[in-house]
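For the record, the sequence lines run as chains A and B. Take 128 as the starting number for the first sequence in this note's numbering and just add one per residue. Take 128 as the starting number for the second sequence in this note's numbering and just add one per residue.
Derived from the structure by calculation, the hints contain no laboratory data. Check before you lean on any hint, since a few could be wrong.
Which copy is meant is left open, because identical chains are indistinguishable; a pair holds if it fits in one copy or across any two.
[Unchecked claim] The calculated SDA-like cross-link candidates involving lysine to any residue, where the alpha carbons are at most 20 angstroms apart (straight line), are:
1) K382 - P359
2) K279 - P248
3) K213 - K279
4) K361 - L349
5) K207 - Q381
6) K207 - N342
7) K170 - A347
8) K146 - D194
9) K148 - H379
10) K279 - D247
11) K146 - Q246
12) K213 - E307
There are 2 protein chains.
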Amino acid sequence: MEKITSNQNRRVKAWTKLKTKHGRDNANQYLLEGWHLVSEAIKAEQPIVTIITTQARLNADGAAFADQYECVVVTDEVAKHIADTKTPQGIFAVVTISASDQVAANYARGGWLLLDQIQDPGNIGTMVRTADAMGLQGVVFGAGTASQYAPKVSRAMQGSQFHVQIAEADLVEWVNEYHEQGLPVYGTELNPNAVALNTVNAQPNFALIMGNEGNGMQSALLAMTDDNIFIPMKGNAESLNVAVAAGIVMFHLQK
Amino acid sequence: MEKITSNQNRRVKAWTKLKTKHGRDNANQYLLEGWHLVSEAIKAEQPIVTIITTQARLNADGAAFADQYECVVVTDEVAKHIADTKTPQGIFAVVTISASDQVAANYARGGWLLLDQIQDPGNIGTMVRTADAMGLQGVVFGAGTASQYAPKVSRAMQGSQFHVQIAEADLVEWVNEYHEQGLPVYGTELNPNAVALNTVNAQPNFALIMGNEGNGMQSALLAMTDDNIFIPMKGNAESLNVAVAAGIVMFHLQK
Chain A
128 MEKITSNQNR
138 RVKAWTKLKT
148 KHGRDNANQY
158 LLEGWHLVSE
168 AIKAEQPIVT
178 IITTQARLNA
188 DGAAFADQYE
198 CVVVTDEVAK
208 HIADTKTPQG
218 IFAVVTISAS
228 DQVAANYARG
238 GWLLLDQIQD
248 PGNIGTMVRT
258 ADAMGLQGVV
268 FGAGTASQYA
278 PKVSRAMQGS
288 QFHVQIAEAD
298 LVEWVNEYHE
308 QGLPVYGTEL
318 NPNAVALNTV
328 NAQPNFALIM
338 GNEGNGMQSA
348 LLAMTDDNIF
358 IPMKGNAESL
368 NVAVAAGIVM
378 FHLQK
Chain B
128 MEKITSNQNR
138 RVKAWTKLKT
148 KHGRDNANQY
158 LLEGWHLVSE
168 AIKAEQPIVT
178 IITTQARLNA
188 DGAAFADQYE
198 CVVVTDEVAK
208 HIADTKTPQG
218 IFAVVTISAS
228 DQVAANYARG
238 GWLLLDQIQD
248 PGNIGTMVRT
258 ADAMGLQGVV
268 FGAGTASQYA
278 PKVSRAMQGS
288 QFHVQIAEAD
298 LVEWVNEYHE
308 QGLPVYGTEL
318 NPNAVALNTV
328 NAQPNFALIM
338 GNEGNGMQSA
348 LLAMTDDNIF
358 IPMKGNAESL
368 NVAVAAGIVM
378 FHLQK
């Protein structure tokens, strides 16, 4: 088993580059950090290339991965250098970005959440987790939405990225596909024509678009929705966080 | 108008101490940061002692505060030193922690959200915002929940702390008070006796307890709930974020 003790090592340099978009695009790989995510990726049979582990972590959990994958043992210092978190858990997986991540298998069938320019990794992660909890098919990351492979986004999804499908795609194409199949596309812009959530029926096939935290949905998409849904509330509607709004609507649609 | 140009200034040192619990307890004051929060505090007639502003911010927004409050003009460097954010907006308010923050006026009447050992400032802020959106009376911060005056919590509430009442109190006392009045107390622990959300009626008076992100509610409180509510879902229930779960339940109860 290879052992690496220096941050100057060629492979360590390559791994740290995976924390940037440029580095991920060049290598066609991304980095998962932490035991929960790595073990979820193993369970989900993700295309893991290498597992990077400290000796302590190898002793504790190695039985779950040491025979299956190429493993490299690193010092705590190297682990800290590779990590995106302040208190790394001493385990990482280098994973191939496969073409199937780009186009989803169940294209425009079932319930899908479409993310239009969502910026905050925490909001993205929470929405993917909720889509998982609600039994949706998957989540489409539109242009301007943070990458699913960015370290903060990847951690915030807490493994739900391996339970639902994730696509990075043009939302206009997705909406067109839903329309061609006669399936509804919902937005969540508060406008005079918006319909109350309780007047919309629960249903197995739908696309739900959530827009940017500050600016809402882009106008091209807004013009394509069948209905905009509003959540009838007694208080100050401006205060609803995008992930909470998405959760309430997804819960209603999947009932 | 006083002008301060040095981080070594006595008042600057006192203000930076308000970022810690110890400093807030000693001074009986806390610090608000950013124009949105400061302007919300002005609108809500909070007990503002001093407004700290850069010259640029004073020129832009001074009309809204310069005549009403003691103002101190600081340099960008001093503003950065006082700030808790990386890109400060050059405005802060020093606010008195008043006794009315500790005990809420509408004690155990209306809808209240009770936070039991909630750690994450983002989750706390999102839940207070949702309580505001749903028209609840207020939110009780129980022991072990991050302080409402901690800079990150205060920012995450985005002004909703001035629209609903916030109390820091013993949750057991609150639950007892609800029970004495014959009003229901709901928990959200998933256990064999839990009842489905759709079987619970919407109602004007209730207490809803949300427990710690990892460990759930403390057992003493759990034993005191009238019902534990679960959210019936088609997917993987473990994946629901605490603020999303709270949002779905609050939305249902306020219908």
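Each hint tested on the structure:
Proximity of K382 to P359 under the C-alpha cut-off of 20 angstroms is found in both arrangements, the shortest distances being 18 angstroms within a copy and 8 angstroms between copies. Taking the shortest Cα distances, K279 and P248 sit within 20 angstroms of each other both inside one copy (6 angstroms) and across copies (17 angstroms). Within a single copy, K213 and K279 get their C-alpha atoms as close as 12 angstroms, and across copies as close as 18 angstroms, so both meet the 20 angstroms cut-off. With identical chains, the CA atoms of K361 and L349 are never at most 20 angstroms apart, being 26 angstroms at best within one copy and 28 angstroms at best between copies.
Taking the shortest Cα distances, K207 and Q381 never come within 20 angstroms of each other, neither inside one copy (42 angstroms) nor across copies (47 angstroms). Within a single copy, K207 and N342 get their C-alpha atoms no closer than 37 angstroms, and across copies no closer than 28 angstroms, so neither meets the 20 angstroms cut-off. For the identical chains of this complex, K170 and A347 are neighbours neither inside a copy (39 angstroms) nor across copies (37 angstroms), given an alpha-carbon limit of 20 angstroms. Taking CA atoms no more than 20 angstroms apart as the test, K146 paired with D194 passes in neither setting, with 27 angstroms inside one copy and 49 angstroms between copies.
Taking the closest pair of Cα atoms, K148 and H379 never come within 20 angstroms of each other, the shortest separation being 36 angstroms inside a single copy and 41 angstroms across copies. Taking the closest pair of Cα atoms, K279 and D247 come within 20 angstroms of each other both inside a single copy (9 angstroms) and across two copies (16 angstroms). Within a single copy, K146 and Q246 get their C-alpha atoms as close as 17 angstroms, which meets the 20 angstroms cut-off; across copies the closest is 27 angstroms, which misses it. When the C-alpha separation of K213 and E307 is checked against a cutoff of 20 angstroms, the pair qualifies neither within a copy, at 48 angstroms, nor between copies, at 47 angstroms.
The structure is inconsistent with the numbered hints 4, 5, 6, 7, 8, 9, 12, although it conforms to all the rest.
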